[in-house]
Amino acid sequence: MHVNVEEKLFQNRYKVDHGRPHIRIKDANVCSSDCQSQSCTYVCPASCYKAEGNRTVTLITDGCLECGSCRVICTEHANVAWEYPRGGHGILFKFG
Amino acid sequence: MSKEKFDAIVVGAGPSGNTAAYTLAKAGLKVLQIERGEYPGSKNVQGAILYADALEKVIPDFREDAPLERHIIEQRVWVLDDNSFVGTHYRSDDYNKPPYNRYTIIRAQFDKWFSSKVREAGALLICETTVEELLMDGERCIGVRCDRQGGEVYADVVILADGVNSTLARKAGFHGEIEARNVALAVKEILFLPEEVIQQRFNVKEEEGVVIEMMGTVTEGMVGTGFLYTNKESLTIGVGCLLSDFKANPQRTAPYALLEKLKAHPSIAPLIEGGEMKEYCAHLIPEGGFHAVPKVYGEGWMIVGDSGGFVNAAHREGSNLAMTTGRLAAETVIAAKAANQPMTAKVLKAYKDRLDASFVMKDLHKYRDMPQVLHSSPQFFTTYPTLVNRAAKTMFTVDGVDKKAKEKEILGSFKTARRWGGLVGDAFKLWRAFR
Chain A
-14 MHVNVEEKLF
-4 QNRYKVDHGR
6 PHIRIKDANV
16 CSSDCQSQSC
26 TYVCPASCYK
36 AEGNRTVTLI
46 TDGCLECGSC
56 RVICTEHANV
66 AWEYPRGGHG
76 ILFKFG
Chain B
146 MSKEKFDAIV
156 VGAGPSGNTA
166 AYTLAKAGLK
176 VLQIERGEYP
186 GSKNVQGAIL
196 YADALEKVIP
206 DFREDAPLER
216 HIIEQRVWVL
226 DDNSFVGTHY
236 RSDDYNKPPY
246 NRYTIIRAQF
256 DKWFSSKVRE
266 AGALLICETT
276 VEELLMDGER
286 CIGVRCDRQG
296 GEVYADVVIL
306 ADGVNSTLAR
316 KAGFHGEIEA
326 RNVALAVKEI
336 LFLPEEVIQQ
346 RFNVKEEEGV
356 VIEMMGTVTE
366 GMVGTGFLYT
376 NKESLTIGVG
386 CLLSDFKANP
396 QRTAPYALLE
406 KLKAHPSIAP
416 LIEGGEMKEY
426 CAHLIPEGGF
436 HAVPKVYGEG
446 WMIVGDSGGF
456 VNAAHREGSN
466 LAMTTGRLAA
476 ETVIAAKAAN
486 QPMTAKVLKA
496 YKDRLDASFV
506 MKDLHKYRDM
516 PQVLHSSPQF
526 FTTYPTLVNR
536 AAKTMFTVDG
546 VDKKAKEKEI
556 LGSFKTARRW
566 GGLVGDAFKL
576 WRAFR
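These protein sequence lines are chains A and B, in that order.
In terms of this note's numbering, the first sequence opens at residue -14 and continues consecutively.
In terms of this note's numbering, the second sequence opens at residue 146 and continues consecutively.
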């Protein structure tokens, strides 16, 4: 079943901290060379991580739900630098 | 920011932080509460069921003005295979007699309300401010650093109510990274429907509500459950599985795809049909239980709520444990202040003692083996749901086959799937985990 998560995220309210992503891939080479599973590309509930054709992983944090899963599953490589967004930024749940 | 020193700083304005700040402020202590969201609740996600008892202990008359959706009069537990479910429903008119025992709530509204009580009690709340790290003097926590200019604030004690990711305690080295096997990743949606439609579909009257908890093939063998809750004018539907299982799932299914599968299930789709989706959330739930609770106090600091892993996954309880731990931490501080004691680890150990004497640690201890049992028994989430549903179908289908032969077929299907040893072993495992 193909599910378009963007349609879901579109319903959410965000205050994006432009130019200051709160999560960072520490070393892109680790994702492309050392990580076999690239599990962040299917576990992230907002699909912020994308597996590209050339085995690189790209990260766009705009739709991030701030759950922390990507950091926790990256146990082997600890390649995710994860912080909360600056105060007031990021996801703003209307209902939660 | 203010250069003055506080009796206590509470980081976070969820159930545990609000209960702690409220209890402290009510006792006349000088309390600063720091919340990173635009308003309390805007970063918080829960199913959400509110258990009245833990809140009553701090705000006995909360029902007068708290934003509550529906009180629960019926609890359904469904075991699903791909096309059917076998379920138990418990409904009682006793649950219709006030004071009600549990309610569905919408956290963004509820937390905002709770926070207004905290401020009325006299605590100072600062929103839109993320605490970056704890300020340490050697082993001793003396305050926090926020992401504001001059954002260093000091207090005798810092209460960490910063949620499941427990960012501050990890950074300070109080405990390590969370393990993927000790948290569930849950996703959910809120679907709006007219009040009357919800009441018709779920067979309830105004203000009465139903919760459905589900397990079965929908989680693709992962340890997890689904849920469907009735709010006043909306339904909440979600699914959560252990994060380690999401990672290891050979089908590489995304959490939102699992949610869509649940929504499309033939037993569920008619209940949610026509609902207008207005928000999609994700959140981690600490489900490691007793063995995953880290050290929750030290020199000048305490951990409460999800940040300390205080969730009873077996009974779907969390916010009540959060509120209780928040209250017990606050009472520890109040007692120490009254006795003129410093907030040392030795003094704050009283918090752990209070936890141990409460239902919080007693319940976590009771189910201490549960996470391990579920980890090693994926059959509870795939094989048995399929078998049970097939058995029901065999028994309820009238097709000229005699009932004795049907019984034999059912027993045969269980024996083939698990063998006698497996069946007995599974029964024993469950008994041990629940005893």
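Worth double-checking, as some hints may not be accurate.
[Claimed, not checked] Computed Cβ-Cβ distance ranges for the label pairs, DEER-style:
hint, chain 1, residue 1, chain 2, residue 2, range
1, B, 502, A, 40, 19 to 27 Å
2, B, 502, A, 13, 25 to 33 Å
3, A, 18, B, 520, 27 to 35 Å
4, A, 61, B, 235, 40 to 48 Å
5, A, 19, B, 352, 37 to 45 Å
[As the list claims (entries may be wrong)] When the alpha-carbon atoms are kept at most 25 Å apart in a straight line, the in silico DMTMM-like pairs for lysine to aspartate or glutamate are as follows:
hint, chain 1, residue 1, chain 2, residue 2
6, B, 574, B, 514
7, A, 0, B, 444
8, B, 350, B, 282
9, A, 79, B, 209
Please keep in mind that the hints were generated in silico from the structure rather than gathered at the bench.
In this text, a Cβ means the ideal position worked out from N, Cα and C, and glycines have one as well.
Results of checking the hints against the structure:
{"no.": "1", "hint": "B:502 x A:40: 19 to 27 Å", "result": "violated (54 Å)"}
{"no.": "2", "hint": "B:502 x A:13: 25 to 33 Å", "result": "violated (51 Å)"}
{"no.": "3", "hint": "A:18 x B:520: 27 to 35 Å", "result": "holds (31 Å)"}
{"no.": "4", "hint": "A:61 x B:235: 40 to 48 Å", "result": "holds (44 Å)"}
{"no.": "5", "hint": "A:19 x B:352: 37 to 45 Å", "result": "violated (55 Å)"}
{"no.": "6", "hint": "B:574 x B:514", "result": "holds (9 Å)"}
{"no.": "7", "hint": "A:0 x B:444", "result": "violated (36 Å)"}
{"no.": "8", "hint": "B:350 x B:282", "result": "violated (58 Å)"}
{"no.": "9", "hint": "A:79 x B:209", "result": "holds (23 Å)"}
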